[in-house]
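These protein sequences, in sequence, are chains W and A. Every letter in the first sequence is one number past the one before it in the numbering used here, and letter 383, counting from 1, is 383. Every letter in the second sequence is one number past the one before it in the numbering used here, and letter 107, counting from 1, is 107.
Don't take each hint at face value.
Result set (SDA-like, lysine to any residue): computed pairs, CA atoms no more than 25 angstroms apart in a straight line [said to hold, decoys possible]:
#1 A/K131 x A/A167
#2 A/K131 x A/H367
#3 W/K131 x A/N142
#4 A/K131 x W/R166
#5 A/K131 x W/A144
#6 A/K131 x A/V368
#7 A/K131 x A/A161
#8 W/K131 x A/G227
#9 W/K131 x W/R369
#10 A/K131 x W/A127
#11 A/K131 x W/G146
#12 A/K131 x A/S361
#13 A/K131 x A/N142
#14 W/K131 x A/A122
#15 A/K131 x W/A363
#16 A/K131 x W/R435
#17 W/K131 x A/S361
#18 A/K131 x W/R126
#19 A/K131 x W/P125
#20 A/K131 x W/A122
#21 A/K131 x W/T138
#22 W/K131 x W/R166
#23 W/K131 x A/S123
#24 W/K131 x W/I398
#25 W/K131 x A/D139
#26 A/K131 x A/R374
#27 W/K131 x A/G146
#28 A/K131 x W/D139
#29 W/K131 x A/A161
#30 A/K131 x W/R369
#31 A/K131 x W/E143
#32 A/K131 x A/G362
#33 A/K131 x A/A384
#34 A/K131 x W/S361
#35 W/K131 x W/E143
#36 W/K131 x A/R134
#37 W/K131 x A/K131
#38 W/K131 x A/E143
#39 A/K131 x W/L130
#40 W/K131 x A/P440
Think of the hints as simulated: they come from the structure by calculation, not from any bench. None of these values were measured; they are calculated from a predicted model.
Number of protein chains: 2
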Amino acid sequence: MASDWATFGADLHLELRGTRLRAGLMDALREAVRSGRLAPGTRLPSSRSLAADLGLARNTVADAYAELVAEGWLTARQGSGTRVARRTAPRPPAAAPPSAGSVRRRPATPVHNLNSGTPDLASFPRADWLKAYRRALTDAPNEAFGYGDPRGRPELRTALAEYLARARGVHARPERIVICAGFVHGLMLIGQVLRARGVRDVAVESYGLDLHDGLLRRAGLGTPVLGFDERGTRTGELAGLDGCGAVLMTAAHQYPLGGALPPDRRAEVVDWARASGGVVLEDDYDGEFRYDRRSVGALQGLDPERVAYLGTASKSLAPGLRLAWMVLPGDLAVEVAETKGAVGWSSSTPDQLAFAEFLRSGAYDRHVRASRLRYRRRRDQLVAAVAAHSPETRVSGIAAGLHAVLALPPGTEQATLRAAAWRGLAVQGVNAFRRPTVPPTLDGLVVGYATPPDSGWQGALGALCGVLP
Amino acid sequence: MASDWATFGADLHLELRGTRLRAGLMDALREAVRSGRLAPGTRLPSSRSLAADLGLARNTVADAYAELVAEGWLTARQGSGTRVARRTAPRPPAAAPPSAGSVRRRPATPVHNLNSGTPDLASFPRADWLKAYRRALTDAPNEAFGYGDPRGRPELRTALAEYLARARGVHARPERIVICAGFVHGLMLIGQVLRARGVRDVAVESYGLDLHDGLLRRAGLGTPVLGFDERGTRTGELAGLDGCGAVLMTAAHQYPLGGALPPDRRAEVVDWARASGGVVLEDDYDGEFRYDRRSVGALQGLDPERVAYLGTASKSLAPGLRLAWMVLPGDLAVEVAETKGAVGWSSSTPDQLAFAEFLRSGAYDRHVRASRLRYRRRRDQLVAAVAAHSPETRVSGIAAGLHAVLALPPGTEQATLRAAAWRGLAVQGVNAFRRPTVPPTLDGLVVGYATPPDSGWQGALGALCGVLP
Numbered sequence: 001m002a003s004d005w006a007t008f009g010a011d012l013h014l015e016l017r018g019t020r021l022r023a024g025l026m027d028a029l030r031e032a033v034r035s036g037r038l039a040p041g042t043r044l045p046s047s048r049s050l051a052a053d054l055g056l057a058r059n060t061v062a063d064a065y066a067e068l069v070a071e072g073w074l075t076a077r078q079g080s081g082t083r084v085a086r087r088t089a090p091r092p093p094a095a096a097p098p099s100a101g102s103v104r105r106r107p108a109t110p111v112h113n114l115n116s117g118t119p120d121l122a123s124f125p126r127a128d129w130l131k132a133y134r135r136a137l138t139d140a141p142n143e144a145f146g147y148g149d150p151r152g153r154p155e156l157r158t159a160l161a162e163y164l165a166r167a168r169g170v171h172a173r174p175e176r177i178v179i180c181a182g183f184v185h186g187l188m189l190i191g192q193v194l195r196a197r198g199v200r201d202v203a204v205e206s207y208g209l210d211l212h213d214g215l216l217r218r219a220g221l222g223t224p225v226l227g228f229d230e231r232g233t234r235t236g237e238l239a240g241l242d243g244c245g246a247v248l249m250t251a252a253h254q255y256p257l258g259g260a261l262p263p264d265r266r267a268e269v270v271d272w273a274r275a276s277g278g279v280v281l282e283d284d285y286d287g288e289f290r291y292d293r294r295s296v297g298a299l300q301g302l303d304p305e306r307v308a309y310l311g312t313a314s315k316s317l318a319p320g321l322r323l324a325w326m327v328l329p330g331d332l333a334v335e336v337a338e339t340k341g342a343v344g345w346s347s348s349t350p351d352q353l354a355f356a357e358f359l360r361s362g363a364y365d366r367h368v369r370a371s372r373l374r375y376r377r378r379r380d381q382l383v384a385a386v387a388a389h390s391p392e393t394r395v396s397g398i399a400a401g402l403h404a405v406l407a408l409p410p411g412t413e414q415a416t417l418r419a420a421a422w423r424g425l426a427v428q429g430v431n432a433f434r435r436p437t438v439p440p441t442l443d444g445l446v447v448g449y450a451t452p453p454d455s456g457w458q459g460a461l462g463a464l465c466g467v468l469p
Numbered sequence: 001m002a003s004d005w006a007t008f009g010a011d012l013h014l015e016l017r018g019t020r021l022r023a024g025l026m027d028a029l030r031e032a033v034r035s036g037r038l039a040p041g042t043r044l045p046s047s048r049s050l051a052a053d054l055g056l057a058r059n060t061v062a063d064a065y066a067e068l069v070a071e072g073w074l075t076a077r078q079g080s081g082t083r084v085a086r087r088t089a090p091r092p093p094a095a096a097p098p099s100a101g102s103v104r105r106r107p108a109t110p111v112h113n114l115n116s117g118t119p120d121l122a123s124f125p126r127a128d129w130l131k132a133y134r135r136a137l138t139d140a141p142n143e144a145f146g147y148g149d150p151r152g153r154p155e156l157r158t159a160l161a162e163y164l165a166r167a168r169g170v171h172a173r174p175e176r177i178v179i180c181a182g183f184v185h186g187l188m189l190i191g192q193v194l195r196a197r198g199v200r201d202v203a204v205e206s207y208g209l210d211l212h213d214g215l216l217r218r219a220g221l222g223t224p225v226l227g228f229d230e231r232g233t234r235t236g237e238l239a240g241l242d243g244c245g246a247v248l249m250t251a252a253h254q255y256p257l258g259g260a261l262p263p264d265r266r267a268e269v270v271d272w273a274r275a276s277g278g279v280v281l282e283d284d285y286d287g288e289f290r291y292d293r294r295s296v297g298a299l300q301g302l303d304p305e306r307v308a309y310l311g312t313a314s315k316s317l318a319p320g321l322r323l324a325w326m327v328l329p330g331d332l333a334v335e336v337a338e339t340k341g342a343v344g345w346s347s348s349t350p351d352q353l354a355f356a357e358f359l360r361s362g363a364y365d366r367h368v369r370a371s372r373l374r375y376r377r378r379r380d381q382l383v384a385a386v387a388a389h390s391p392e393t394r395v396s397g398i399a400a401g402l403h404a405v406l407a408l409p410p411g412t413e414q415a416t417l418r419a420a421a422w423r424g425l426a427v428q429g430v431n432a433f434r435r436p437t438v439p440p441t442l443d444g445l446v447v448g449y450a451t452p453p454d455s456g457w458q459g460a461l462g463a464l465c466g467v468l469p
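Next up, chain W with everything else stripped away, as it sits in the complex (with noise of 0.2 angstroms):
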């Protein structure tokens, strides 16, 4: 037996090196049960025996056995000595499925990404924010590193209620903001909270993300869908709508087709809300970039007590941070914050407090202000070189946002994104965001350009050219 365990040590010798020698014959005792080298039931050597075989202390070893009884992979009965523990014989270490690297994980990266969506990463400003983060890190009380109020950190409630006011015309009180890490997170608590109620269903617009819908359906709603014409979602057909508490609106800048809903639609869904008691949710998700005027302001200036309005900082700022805020109408408010509670988590405080100094010291302003212009020389460049390359393309939708439209001749979206993909151009097709019910109309591609950074944006827009009709 002797013998055996000198073997069995000899091939442990490299692991055994260095100071940490009990944990290392732990490790090596371990997994050799584990692989059933050492089969249930086997009788151990003495800790003697084994130290002089292995070269150690007896004392190491026979801490190790001691340890090993006490995480179970060991008995140690009196007169038995130290055996391997009797239990059902452990399953093989199954391999991965062969999905378990693919979780999610994103084709292999295109030469050139023009999807919607995301900002210019390499624009993220750094320096700023390790300032905001480092002032924010050191004033802290102590008890922002605790729990903390599931709205958020009142620090930052405080900032955006300010700077919401100002810059979206959002009417904003701190005790109704309620923190979230990105907007389906937000999304993702009112549905429940909505549910919770008795909403049967929300309604949702001709075309948006599949991600916000499938949520809403998650949490047990349906989702109607409101029609489309050429000046955008048919809010007059919420009234129709029996058993519909609420509805997800891209007013400023609708998602993907890109048009402002017209005032008197506004109007008309804010009025739906107060008629019937249902809610309005405003996905502002882009609403401080706006080019050829000043933003409009926010739907929920119209009427606070019925329009929930959600904001980020996923596009302005970067997704990363997984930073965005609701500003919820009173009764809302408090149950949102309850459930919220009852799930117990945030986003971290150092974040929101970094985040709050950020606003306040004015380099959030700074930043946008930057981003727009970047993001509007991109578009005049879209709308030039569109227009000079394929002059059938029609740049639609306002100039805003981080993406732009561009209309398609009938039935030519499939060919284009496929001449697109063998290019190694990364680009969305309008009908990739078009509810399943509703029937194909437009041919488009969504051409989120402020995606690249600097260096690969001529690239892009290139590579764009070359592919539309």
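Assemble the complex: chain W is given as a structure, and chain A must be docked to it using the hints.
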């Protein structure tokens, strides 16, 4: 009419000072509509005449009118001038209901805080954390600011795999790790996955946090309760629970009673999982803190395919960071990552990168070591003070973690808690953690000795001794 407007303008005078004249006028007009001072249908003065009344440039007024038309507050029709938009009368903004401010608001801060569940927030290593954050933010690739892998940053998963193997005997591979925003977030994700798999029940221990139990029930799961005896949770009862697909355990340090699960029961719970195909959810909330010996390795090491390990920085560092991690069996890792991706949020990537750097640089080890010394000293002082002041009170449980249980004479818990409240001492009784179906057989205090800052510790200890029998 003009004079009315002049009066109205005079009211606004203060707000119209400064450079943001148009924005100020728009705010004032919105407020006037919202409050009803300007009734729907009211015709507004021409921009020329209002500009004259208010001493503004005509364009300022015309621009403000145009923006408010775009936002839906006003309507402009050829020949009919500018009017307040007609719509159903707004409801007066509801006063927030009385509970609005009380959402999860803690009671008035007591003089002494010995509630358990929080480390000493004053000891958060601000300088070291900031150093790690700066380095992480400086070195981060641009793509780190994007949406990213729902499992979390690979840098952090790699650093955690190394740390958990070394410090907790966890069999961890980066692809099996999913970062989450606190233990509760992780438990919620696992609960959703188990429910979707068709699991009906997740067994819980006799004593634990309501929050966890409630979370599982919200996910649609039943929570049968395992019995408890002087050796700890009666894991043998698992075999008799039909339809039970998982068990939530605090094996290293029962929360809150403070025992370590004995080796035979550790083996028993893993054997049950193997035989039944169930999953053990190991809540290793304070595994790094053991004072009388080296920490007992995680249960997960016994069978990585049947034990899901959940760890957190909330006790070792700070809850405010909202950083926690799961090490999951292969199939569960895939499903949990998919579920997390579908609801789309995670912890901020700069924080994840900072924590990876904090681990790699050794700052985490140093902080844990220093905390271990500090909390061990406090526990020793607690034991000594209790022995001196209240010989009939026994400190139960192992020398570990951030809290101790003081076993009180039968029937004295409530009176002791009342005495504590009277003295401004926040502390909880063990019966606050007892599941409703478990008969009350223990009396005791759960003393979170890590909670106060150093400056408050002696005072808190004195107050505690003053209320013991």
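Outcome of the hint check:
1. A/K131 x A/A167: This hinted pair holds, its Cα atoms lying about 23 angstroms apart.
2. A/K131 x A/H367: Given pair A/K131, A/H367 holds - Cα atoms ~14 angstroms apart, limit 25 angstroms.
3. W/K131 x A/N142: Given pair W/K131, A/N142 holds - Cα atoms ~18 angstroms apart, limit 25 angstroms.
4. A/K131 x W/R166: Violated - the C-alpha atoms of W/R166 and A/K131 are around 35 angstroms apart, more than 25 angstroms.
5. A/K131 x W/A144: Distance of about 19 angstroms is within 25 angstroms: holds.
6. A/K131 x A/V368: It holds: about 17 angstroms lies between the C-alpha atoms, which stays within 25 angstroms.
7. A/K131 x A/A161: Satisfied, since the Cα-Cα distance of roughly 22 angstroms is no more than 25 angstroms.
8. W/K131 x A/G227: Distance ~53 angstroms between W/K131 and A/G227 Cα, so the pair is violated.
9. W/K131 x W/R369: Holds, at roughly 19 angstroms.
10. A/K131 x W/A127: holds, 14 angstroms
11. A/K131 x W/G146: holds, 21 angstroms
12. A/K131 x A/S361: OK: A/K131 and A/S361 at ~10 angstroms, within 25 angstroms.
13. A/K131 x A/N142: Roughly 20 angstroms between the alpha carbons, so the hint for A/K131 and A/N142 holds.
14. W/K131 x A/A122: holds, 22 angstroms
15. A/K131 x W/A363: At roughly 22 angstroms apart (the allowed maximum being 25 angstroms), W/A363 and A/K131 satisfy the hint.
16. A/K131 x W/R435: violated, 47 angstroms
17. W/K131 x A/S361: holds, 22 angstroms
18. A/K131 x W/R126: Holds, at about 14 angstroms.
19. A/K131 x W/P125: Since the Cα atoms of A/K131 and W/P125 sit roughly 18 angstroms apart, the hinted pair holds (cutoff 25 angstroms).
20. A/K131 x W/A122: Status holds; Cα separation ~22 angstroms.
21. A/K131 x W/T138: Within the cut-off at roughly 12 angstroms; holds.
22. W/K131 x W/R166: holds, 24 angstroms
23. W/K131 x A/S123: Distance of about 22 angstroms is within 25 angstroms: holds.
24. W/K131 x W/I398: Violated: W/K131 and W/I398 sit about 35 angstroms apart, past 25 angstroms.
25. W/K131 x A/D139: Given pair W/K131, A/D139 holds - Cα atoms ~16 angstroms apart, limit 25 angstroms.
26. A/K131 x A/R374: holds, 23 angstroms
27. W/K131 x A/G146: The hint holds at about 21 angstroms.
28. A/K131 x W/D139: holds, 16 angstroms
29. W/K131 x A/A161: violated, 31 angstroms
30. A/K131 x W/R369: violated, 30 angstroms
31. A/K131 x W/E143: holds, 21 angstroms
32. A/K131 x A/G362: Since the Cα atoms of A/K131 and A/G362 sit roughly 12 angstroms apart, the hinted pair holds (cutoff 25 angstroms).
33. A/K131 x A/A384: violated, 38 angstroms
34. A/K131 x W/S361: holds, 22 angstroms
35. W/K131 x W/E143: With a Cα-Cα distance of about 21 angstroms, the restraint between W/K131 and W/E143 holds, given a limit of 25 angstroms.
36. W/K131 x A/R134: The given pair, whose Cα atoms are some 9 angstroms apart, holds under the 25 angstroms limit.
37. W/K131 x A/K131: holds, 12 angstroms
38. W/K131 x A/E143: At roughly 21 angstroms apart (the allowed maximum being 25 angstroms), A/E143 and W/K131 satisfy the hint.
39. A/K131 x W/L130: holds, 11 angstroms
40. W/K131 x A/P440: Violated. W/K131 to A/P440 sits at ~54 angstroms, over the 25 angstroms cutoff.
Consistency note: the structure conflicts with the earlier hints numbered 4, 8, 16, 24, 29, 30, 33, 40.
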